[in-house]
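Colleague: Chains as they are written, first to last, in the working numbering: chain A, 1 to 471; chain B, 1 to 96.
Simulated from the structure, these hints should not be mistaken for laboratory data.
Some hints could be false.
[Unchecked claim] Restricting the straight-line Cα-Cα distance to at most 30 Å, the calculated cross-link-like pairs of lysine-lysine (DSSO-like) are:
no., chain 1, residue 1, chain 2, residue 2
1, A, LYS422, A, LYS387
2, A, LYS33, A, LYS157
3, A, LYS459, B, LYS24
4, A, LYS157, A, LYS424
5, A, LYS266, B, LYS24
6, A, LYS387, A, LYS33
7, A, LYS469, A, LYS424
8, A, LYS33, B, LYS24
9, A, LYS298, A, LYS266
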Amino acid sequence: MSAFLPEAILMYLPTFVQIVYLIAASMFIIGLKRLGSPATARSGNQMASLAMFIGVIVTLFDREIVSFEYIIVGVIIGAAIGAVLAKRVEMTSMPELVAVFNGFGGAASALVAAGEYFRIAEVNLPGSDLFIMCISIFIGSVTFTGSLVAFAKLSGKISGNPITFPGQKPLNALLLVVIFGLSVYFVMDPTYLVPLLVVIGISVLLGVLFVIPIGGADMPVVISLLNSLSGIAASAAGFVVGNTLLIIAGALVGASGLILTNIMCKAMNRTLTNVLFGAFGGDGGAAAVGDGGPKNYKEAMADDVAVMTAYAQRVVIVPGYGLAVAQAQHTIREVASLLEAKGVDVKYGIHPVAGRMPGHMNVLLAEANVPYPQLYDMDDINPEFEKTDVVLVIGANDVVNPQARNNPASPIYGMPILNVDKAKAVIILKRSMNTGFAGIDNDLFYLDNSYMFFGDAKKSLQTLVGAIKEL
Amino acid sequence: MEPLLVNLFIFVLACFVGFEVISKVPTTLHTPLMSGANAISGITLIGALIVAGSAGETLGTWIGLAAIIFATINVIGGFMVTDRMLEMFKKKDGDK
Chain A
1 MSAFLPEAIL MYLPTFVQIV YLIAASMFII GLKRLGSPAT ARSGNQMASL AMFIGVIVTL
61 FDREIVSFEY IIVGVIIGAA IGAVLAKRVE MTSMPELVAV FNGFGGAASA LVAAGEYFRI
121 AEVNLPGSDL FIMCISIFIG SVTFTGSLVA FAKLSGKISG NPITFPGQKP LNALLLVVIF
181 GLSVYFVMDP TYLVPLLVVI GISVLLGVLF VIPIGGADMP VVISLLNSLS GIAASAAGFV
241 VGNTLLIIAG ALVGASGLIL TNIMCKAMNR TLTNVLFGAF GGDGGAAAVG DGGPKNYKEA
301 MADDVAVMTA YAQRVVIVPG YGLAVAQAQH TIREVASLLE AKGVDVKYGI HPVAGRMPGH
361 MNVLLAEANV PYPQLYDMDD INPEFEKTDV VLVIGANDVV NPQARNNPAS PIYGMPILNV
421 DKAKAVIILK RSMNTGFAGI DNDLFYLDNS YMFFGDAKKS LQTLVGAIKE L
Chain B
1 MEPLLVNLFI FVLACFVGFE VISKVPTTLH TPLMSGANAI SGITLIGALI VAGSAGETLG
61 TWIGLAAIIF ATINVIGGFM VTDRMLEMFK KKDGDK
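Using the sequences provided together with the hints, build the complete structure.
Modeller: Rendered as structure tokens:
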């Protein structure tokens, strides 16, 4: 686009572009900061998207960009796909979509680095640039396939159980060494392309191998980590094409993603290494705590639940992923409204990792117009359970498992939980007696004050609505 | 200073800013924050523009085109979906 400008302005163009980049980078930082507070989050997101917009526009004035056909075609196709996906997605599938977007971002970074090689192949690149190119391709490709596996695990397209095989970790380590070796080889002889292609192939494979041994329950942490990686990949691509805005924005995402990953691990009382290499969740965990012998549980019907809740003084609703899967957030809101009309004090207790991602539950309940003051964090609601008459646990399991408090042998021991077992009565809405995502039996179900209310969460709640109305 | 070193300075300092910017975030905002940060990582679109727009009909241009498509999906989809999530919080504030 610089071709359209008069010579006098052209002279100052590179400076102008850099200054706009500086403004955009500052806006990214402010936007990210504002995203961290409820009152300013939306404006923060808008500021970041504006920064992206002006960054892209000013880049079009870069003197190296001479043809626009591919750019226009690419942007139109990408924008259309992105907009449709963003508009169509159900709020419950949000985490999967973030995983997919993240994977695409990683793929783009890898392609940018690879494309840069072909663009300036005839020019002699310094070895450091070639090596960073390999890093960018490696991280970008791992992010791409890793995110796609995370997507498949979350959406149930493949099993959420950890997939492990003997020698998995040594194999991964070996592949890393091979990638490093081939990258060095490529740096020494950049005209020979085979090592680079093998690096791409192994990186793609490594992304899969890295995520398959991790249980579905830990996918949010993985996505957060992959998000951080895609930032690093973008930053590395920035080194390759020599673009400061790319380096800054990529590094920002890389660092903030790492912080977020850490926050998520803390909420589960686990370390990142344990999440990544522990092959936690699924069938493996159950064996560790199986103490044998059939245990008794009580079952409740919709009418029982209606009576218990409608004549209670305080009811706390504890939603989990089951609520999200069943799309029951609107129905639970209806139940709550009916109970409130009967003078019951209704609160929602939300575990930090309820659902598939921290904050996922809040988003879903917000969609159903649940008033914000009724939502309580774990630390705020836990002291309330002793005064609570009935707790409705909807599709949550591991986050209310008392084993985390009192069974040191349990894999989830030490994880902060919602102490619902302290309430006078606990009603658990569940499909069956199957174990939760972590694959551990839940002692809560067998307590004297616990009642199982079996069925799909939405259908159960609908019958409950009918039953309360008839009272 | 060599360009590589300058870039390394920028990278490391930006990392520290990233660490500091995200210190105390309420749980409610973790998913939107992740989604928003993810959209920002689509900044690689700028690199894709340079790769796709500068060369002629070479393999590099085609790779650049693919990169633009992937990156634009990430950027547009990411920001829109984040806005959709945050819009709900806004509506709720009005209820208070």
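Colleague: All hints, please: hold or fail.
Modeller: Here's how the hints hold up against the structure:
1. A:LYS422 <-> A:LYS387: With a Cα-Cα distance of about 9 Å, the restraint between A:LYS422 and A:LYS387 holds, given a limit of 30 Å.
2. A:LYS33 <-> A:LYS157: Not satisfied, since the Cα-Cα distance of roughly 35 Å exceeds 30 Å.
3. A:LYS459 <-> B:LYS24: violated (38 Å)
4. A:LYS157 <-> A:LYS424: With a Cα-Cα distance of about 40 Å, the restraint between A:LYS157 and A:LYS424 is violated, given a limit of 30 Å.
5. A:LYS266 <-> B:LYS24: holds (13 Å)
6. A:LYS387 <-> A:LYS33: Roughly 38 Å between the alpha carbons, so the hint for A:LYS387 and A:LYS33 is violated.
7. A:LYS469 <-> A:LYS424: Given that 30 Å is the threshold and the Cα spacing comes to 24 Å, the pair holds.
8. A:LYS33 <-> B:LYS24: holds (10 Å)
9. A:LYS298 <-> A:LYS266: Cα-Cα ~34 Å, so violated.
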